[in-house]
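So you can see what is in the structure, the chains are spelled out below.
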Amino acid sequence: MQCSVAACVGTDLEVPTSAYVHLPFCKRKCFYCDFPVVATGSQLHSAPVQDALQAYVALLCREIAATQPVGGAPLRTVFFGGGTPSLIPPPQLARVLDALAARFGIAAGAEVSMEADPGTFDALRLREYMALGVNRFSIGVQAFQQELLEVCGRSHSLADVHAALTAVRDAAPAAWSLDLMAGLPGLGAAAWEASLVQALAAKPDHISVYDLQVEEGTPFARWYQPGAAPLPGEGAAADQLRAASAVLRAAGYEHYELSSYALPGKRCQHNQVYWAASQPYHAFGLGAASLLGARRFARPRAMRAYRAWVEAFVAAGSGVPGGDQPPDSAHEQLLDYVMLRLRLSDGLDLAHMAARFGAAPAAAAAAALAPHVVTGLAEVAAGRSALWGFRGRR
Amino acid sequence: MVPRLFRLCAHLRHTLNVWERKQGLWQPGRALSSAAPAPAGKEANLGFVDGGFRVTDFPQDKVRNFSIIAHVDHGKSTLADRLLELTGAIRKGGQAQYLDKLQVERERGITVKAQTASLVYRHRGEDYLLNLIDTPGHVDFSYEVSRSLAACQGALLLVDAAQGVQAQTVANFFLAFDQDLAIVPVLNKVDLPSAEPDKVAEQMQQVFDIPEENCLRTSAKSGLGLEDVLPAVIKRVPPPRGDPEGDPRLLLFDAYHDAFRGVVCLVEVVDGSIRTGDRVTAASSGDTYDVSEVGVLVPEARSTGQLCTGQVGYVITGIKNTRAARVGDTWHLYKRPVERLPGFKPSKSMVFAGIYPTGGGEFDALAAAMDRLCLTDASIGVKRENSDALGAGFRCGFLGLLHMEVFLQRLEQEHGASVITTAPTVPYALDLYGGERMEIQNPSQFPLGVKVLGVWEPTVAATITLPSEYLGALMQLCQDRRGELTEHTHLGPGRLLLRRGPYVWYALPLAELGGDFYDELKSLSSGYASFDYAEGPTRRASLVRLDLMLNGLPVDALARVVHRDKAQQVGRAMCAAMRDKLGRQMFEVAIQATASGKVVARETLKAFRKNVTAKCYGGDVSRKRKLLERQKEGKKRMRRVGSVDVPQEVFHALMRV
Chain A
1 MQCSVAACVG TDLEVPTSAY VHLPFCKRKC FYCDFPVVAT GSQLHSAPVQ
51 DALQAYVALL CREIAATQPV GGAPLRTVFF GGGTPSLIPP PQLARVLDAL
101 AARFGIAAGA EVSMEADPGT FDALRLREYM ALGVNRFSIG VQAFQQELLE
151 VCGRSHSLAD VHAALTAVRD AAPAAWSLDL MAGLPGLGAA AWEASLVQAL
201 AAKPDHISVY DLQVEEGTPF ARWYQPGAAP LPGEGAAADQ LRAASAVLRA
251 AGYEHYELSS YALPGKRCQH NQVYWAASQP YHAFGLGAAS LLGARRFARP
301 RAMRAYRAWV EAFVAAGSGV PGGDQPPDSA HEQLLDYVML RLRLSDGLDL
351 AHMAARFGAA PAAAAAAALA PHVVTGLAEV AAGRSALWGF RGRR
Chain B
1 MVPRLFRLCA HLRHTLNVWE RKQGLWQPGR ALSSAAPAPA GKEANLGFVD
51 GGFRVTDFPQ DKVRNFSIIA HVDHGKSTLA DRLLELTGAI RKGGQAQYLD
101 KLQVERERGI TVKAQTASLV YRHRGEDYLL NLIDTPGHVD FSYEVSRSLA
151 ACQGALLLVD AAQGVQAQTV ANFFLAFDQD LAIVPVLNKV DLPSAEPDKV
201 AEQMQQVFDI PEENCLRTSA KSGLGLEDVL PAVIKRVPPP RGDPEGDPRL
251 LLFDAYHDAF RGVVCLVEVV DGSIRTGDRV TAASSGDTYD VSEVGVLVPE
301 ARSTGQLCTG QVGYVITGIK NTRAARVGDT WHLYKRPVER LPGFKPSKSM
351 VFAGIYPTGG GEFDALAAAM DRLCLTDASI GVKRENSDAL GAGFRCGFLG
401 LLHMEVFLQR LEQEHGASVI TTAPTVPYAL DLYGGERMEI QNPSQFPLGV
451 KVLGVWEPTV AATITLPSEY LGALMQLCQD RRGELTEHTH LGPGRLLLRR
501 GPYVWYALPL AELGGDFYDE LKSLSSGYAS FDYAEGPTRR ASLVRLDLML
551 NGLPVDALAR VVHRDKAQQV GRAMCAAMRD KLGRQMFEVA IQATASGKVV
601 ARETLKAFRK NVTAKCYGGD VSRKRKLLER QKEGKKRMRR VGSVDVPQEV
651 FHALMRV
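Residue numbers (full-length UniProt numbering), protein chains in the order written: chain A, 1 to 394; chain B, 1 to 657.
Treat the hints with care, since some could be wrong.
For lysine to aspartate or glutamate, the following DMTMM-like pairs were computed, each having C-alpha atoms within a straight-line distance of at most 25 Å [unchecked claim]:
1. B:Lys581 <-> B:Glu405
2. B:Lys581 <-> A:Glu216
3. B:Lys626 <-> A:Asp34
4. B:Lys615 <-> A:Glu147
5. B:Lys626 <-> A:Glu234
6. B:Lys615 <-> A:Glu216
7. A:Lys266 <-> B:Asp620
8. B:Lys626 <-> A:Asp328
9. B:Lys624 <-> A:Glu150
10. B:Lys606 <-> B:Asp565
11. B:Lys62 <-> B:Asp73
12. B:Lys632 <-> A:Glu147
13. B:Lys624 <-> A:Glu147
14. B:Lys615 <-> A:Asp34
15. B:Lys624 <-> A:Glu14
16. B:Lys581 <-> A:Glu215
17. B:Lys606 <-> A:Glu128
18. B:Lys626 <-> A:Asp324
19. B:Lys606 <-> A:Asp211
20. B:Lys606 <-> A:Asp34
21. B:Lys626 <-> A:Glu332
22. B:Lys62 <-> B:Glu196
23. B:Lys199 <-> B:Glu469
24. B:Lys632 <-> A:Glu115
25. B:Lys624 <-> A:Glu115
26. A:Lys203 <-> A:Glu115
27. A:Lys29 <-> A:Glu150
28. B:Lys632 <-> A:Glu215
29. B:Lys626 <-> A:Asp211
30. B:Lys615 <-> A:Glu379
31. A:Lys29 <-> B:Asp556
32. B:Lys615 <-> A:Glu215
FYI, nobody ran anything at the bench for these hints, they're computed from the structure.
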């Protein structure tokens with residue numbers, strides 16, 4: 001996503017070349033999860049579940065087919081998120097990829113990512129996905145402690161984790177990422193350090209470290225109070241994130257976004273589109289959020305409502321999801337831009353911001369950040385300003 | 001028609017019986033001789049307007065001026081509504097609590113501004129003009145109550161038949177008793193399952209020496225017994241005693257501002273009469289006005305061209321600001337001076353607070369709202385004031401704390417203003433080195449680094465009545481509030497009070513009446529305590545200035561004056577409240593309280609550790625944005641002290657510490 005400044009300026013010039021596809025099926029819903037998820041239970045291979053899965057894929061394909069391509073550029077990144085996308089049988093994934101290719105085209109060398117959870121795949125399965133064009137996997141390990149996996153309500157065991165890591169190394173995709181969660185109930189500093197070491201030992205190209213968020217409506221929200229035992233205190237949770245940054249950077253990973261680390265050249269292209277906040281992107285599926293025509297639009301999170309929405313969308317034939325809603329205001333776009341860019345180590349490019357939004361907002365941002373440069377939370381480099389909260393300076 | 005006639009006959013018989021028992025009281029001949037046939041062609045109780053009445057139809061002996069006094073929630077406003085309906089002044093089932101015009105009154109169930117309604121009621125074939133003068137219901141407004149009562153000759157003492165005599169019943173009874181008003185006791189809500197009218201009647205006998213059989217029994221809600229109320233008013237309340245031939249003398253007992261007509265003055269014509277076109281002089285100021293309109297409130301204003309002796313109505317002159325219409329004042333005709341009526345005293349601000357707009361740019365809107373509201377409430381003192389933390393605002397003086405609260409609520413509800421207020425303070429006098437004396441109305445005026453030889457604070461002479469078993473708890477409370485017992489007495493046999501409860505007199509610092517004093521008093525006495533106060537002398541006290549500092553910078557709007565012994569306790573409470581409410585910043589914040597410059601309490605607020613660590617992918621952006629928008633909304637309402645953002649809730653919260 002290292003586009004030149006000129007190419008990024010002005011929404012009109014921008015063309016969506018990224019697509020997010022939501023595959024909501026999971027064996028069970030984790031206790032902290034508030035994503036739109038359809039739990040299949042142990043009956044994954046039963047006819048009703050497989051029928052539901054196929055019906056969902058059919059619905060997805062209808063949505064894709066009804067969505068207007070803008071500008072005619074092929075997709076450069078595709079991301080299958082969930083849910084547990086690795087539950088989807090490869091032939092079904094093929095249908096979705098075919099639909100995307102038919103509607104938008106998929107560029108040669110495009111990054112096609114897929115989330116995969118331990119316990120749902122082996123090397124063969126990954127190779128099947130790779131044969132369809134998937135070239136990057138994001139493995140939802142989350143923890144290297146059996147008790148923590150259980151506390152979280154994950155459907156996999158520690159043995160599954162090790163099997164999964166072996167499988168992904170065997171399959172040898174072009175790139176893969178390992179997800180870890182900090183701030184889990186009962187997670188102490190020592191266990192966290194051990195997790196980081198084990199993560200590094202698996203030699204992923206990319207590591208995501210998520211700080212647990214206790215989201216409303218989840219079992220965790222009923223059981224736990226953020227910052228109170230058994231959750232680590234706020235200071236301890238912050239220390240875990242700081243430790244992750246120190247350990248992973250020492251191992252050669254760039255801390256390029258608040259929760260993302262990558263070996264050089266292995267940043268997630270797709271996610272960078274979100275954080276740059278200057279390019280539109282498609283999204284398909286239950287609860288998925290697209291940014292098209294300066295509109296952030298989230299599809300319904302309930303299956304029945306989503307189905308009704310697809311029907312109406314197809315019937316209306318407008319081709320732009322959320323097109324009946326007013327575009328985000330310049331103010332909202334500006335807020336997204338600052339909020340998201342400050343998550344990146346590349347930071348907020350004040351010149352780019354001025355070109356895009358005008359000199360006044362850029363000057364205001366510079367003035368607002370100035371006090372934090374003094375305290376070391378932000379730094380200015382050649383006109384850029386970035387938040388450096390994780391560099392362990394404090 | 002037959003059943004109605006029959007009922008009327010029965011009614012007459014009943015009232016005659018009562019009358020025969022009571023006729024020794026006053027002017028019996030006049031009332032008895034009025035059993036003349038009804039005015040031809042007029043149906044009874046159509047109301048003043050529909051009945052086609054003129055004020056000259058009502059000579060003095062056909063006028064009664066009365067009010068309803070009651071403990072809060074004993075049904076005063078509902079009874080007033082029913083009386084208005086009964087006399088055709090308003091339609092049945094109209095807006096409830098008609099006389100409580102202000103939203104704040106309906107919400108709080110207290111009457112803030114006195115209201116008046118003139119009712120026409122036919123009794124034994126004669127039409128009477130009954131002026132119902134509603135009274136405010138709180139000790140802060142006792143001056144309004146007493147001046148409203150000054151225009152009356154009688155009062156309905158309304159008591160809830162389930163709750164019995166309550167503190168305010170007692171306080172109001174004595175207010176009326178002291179003004180020699182005829183009391184008509186009414187037991188209300190007798191249809192409640194829990195009602196014990198016999199017991200309450202007995203209580204009335206014990207407490208107020210009112211014969212049990214004198215108590216009317218009603219249910220204002222269902223209408224039960226209401227037909228007895230107005231006849232009792234007519235029979236037991238004497239007509240106004242003024243001299244119809246004398247020089248006109250008017251009692252100004254209330255004034256309000258009307259957007260279209262300017263200041264509307266409510267008056268009782270004590271002697272003589274007043275007509276449109278008269279020139280009147282206010283005795284207190286000597287200012288002279290031309291009367292442009294005279295009329296009655298029935299209950300809407302109805303121009304009548306004149307008001308006769310004893311009548312109550314409104315007068316409109318060229319007065320633009322209610323401050324010129326001094327309540328309690330005596331008015332007379334230009335160059336025809338008369339003896340002044342007792343009761344006039346200028347209102348004096350006893351509680352001060354800073355009022356600031358919540359948003360920095362909203363000062364002009366607040367100023368406009370304050371202007372409009374102050375037009376209707378002449379008892380508020382207003383001055384411009386500037387605070388480092390809160391910017392431009394006002395320092396306002398109020399009669400008391402409830403008065404302040406009501407003012408603030410009206411400011412927000414009726415004028416849409418959103419404000420931050422500072423903790424209320426009383427005026428202090430400081431003796432400085434060199435014999436200089438300074439008066440401060442704002443704690444931040446309290447000089448630091450200057451030798452203060454003495455601080456004088458206002459006190460109140462508080463009268464508290466309560467059953468004797470609560471006396472110990474009361475003394476503890478008053479001692480905690482730096483009160484000094486001045487006298488206490490058990491009541492003599494003439495004035496039996498609530499289970500022979502004592503009167504207690506305390507000298508209390510006015511400043512200590514703030515916070516939860518009323519609540520404490522009520523709860524320690526199971527609601528029986530009644531409390532009233534009058535202004536007392538100033539008293540020397542060991543008082544210091546308490547400041548709250550954020551990272552070493554004082555927040556001027558949070559300064560207060562406290563007793564030296566309480567400085568640490570209050571300082572700690574303020575620091576703790578500040579720590580809880582401030583919200584963390586990007587850096588550590590030291591919160592300190594200093595008394596006369598010396599640190600007495602400290603809290604530390606840790607910096608944010610990880611407020612941006614949540615992951616953020618495509619679908620999370622909108623959620624994150626909403627969160628930020630919400631935070632920004634909050635920021636708008638924040639004030640900056642040095643580098644610290646202070647949410648305005650802090651100012652609200654610390655006001656209560």
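Quick rundown of the hints versus the structure:
1. B:Lys581 <-> B:Glu405: 22 Å, holds
2. B:Lys581 <-> A:Glu216: 23 Å, holds
3. B:Lys626 <-> A:Asp34: Status holds; Cα separation ~17 Å.
4. B:Lys615 <-> A:Glu147: Since the Cα atoms of lysine 615 (chain B) and glutamate 147 (chain A) sit roughly 24 Å apart, the hinted pair holds (cutoff 25 Å).
5. B:Lys626 <-> A:Glu234: 23 Å, holds
6. B:Lys615 <-> A:Glu216: 16 Å, holds
7. A:Lys266 <-> B:Asp620: 23 Å, holds
8. B:Lys626 <-> A:Asp328: 13 Å, holds
9. B:Lys624 <-> A:Glu150: 29 Å, violated
10. B:Lys606 <-> B:Asp565: Not OK: lysine 606 (chain B) and aspartate 565 (chain B) at ~30 Å, beyond 25 Å, violated.
11. B:Lys62 <-> B:Asp73: 31 Å, violated
12. B:Lys632 <-> A:Glu147: 40 Å, violated
13. B:Lys624 <-> A:Glu147: At roughly 31 Å apart (the allowed maximum being 25 Å), glutamate 147 (chain A) and lysine 624 (chain B) break the hint.
14. B:Lys615 <-> A:Asp34: Holds, at about 13 Å.
15. B:Lys624 <-> A:Glu14: Distance ~23 Å between lysine 624 (chain B) and glutamate 14 (chain A) Cα, so the pair holds.
16. B:Lys581 <-> A:Glu215: The given pair, whose Cα atoms are some 23 Å apart, holds under the 25 Å limit.
17. B:Lys606 <-> A:Glu128: 52 Å, violated
18. B:Lys626 <-> A:Asp324: Holds - the C-alpha atoms of aspartate 324 (chain A) and lysine 626 (chain B) are around 21 Å apart, at most 25 Å.
19. B:Lys606 <-> A:Asp211: This hinted pair holds, its Cα atoms lying about 20 Å apart.
20. B:Lys606 <-> A:Asp34: The hint is violated at about 30 Å.
21. B:Lys626 <-> A:Glu332: 10 Å, holds
22. B:Lys62 <-> B:Glu196: Since the Cα atoms of lysine 62 (chain B) and glutamate 196 (chain B) sit roughly 35 Å apart, the hinted pair is violated (cutoff 25 Å).
23. B:Lys199 <-> B:Glu469: Between lysine 199 (chain B) and glutamate 469 (chain B) the Cα gap is close to 21 Å, so the pair holds against 25 Å.
24. B:Lys632 <-> A:Glu115: 35 Å, violated
25. B:Lys624 <-> A:Glu115: 23 Å, holds
26. A:Lys203 <-> A:Glu115: 17 Å, holds
27. A:Lys29 <-> A:Glu150: Roughly 12 Å separates the two Cα atoms, so the pair holds.
28. B:Lys632 <-> A:Glu215: 21 Å, holds
29. B:Lys626 <-> A:Asp211: 20 Å, holds
30. B:Lys615 <-> A:Glu379: With a Cα-Cα distance of about 22 Å, the restraint between lysine 615 (chain B) and glutamate 379 (chain A) holds, given a limit of 25 Å.
31. A:Lys29 <-> B:Asp556: 53 Å, violated
32. B:Lys615 <-> A:Glu215: 12 Å, holds
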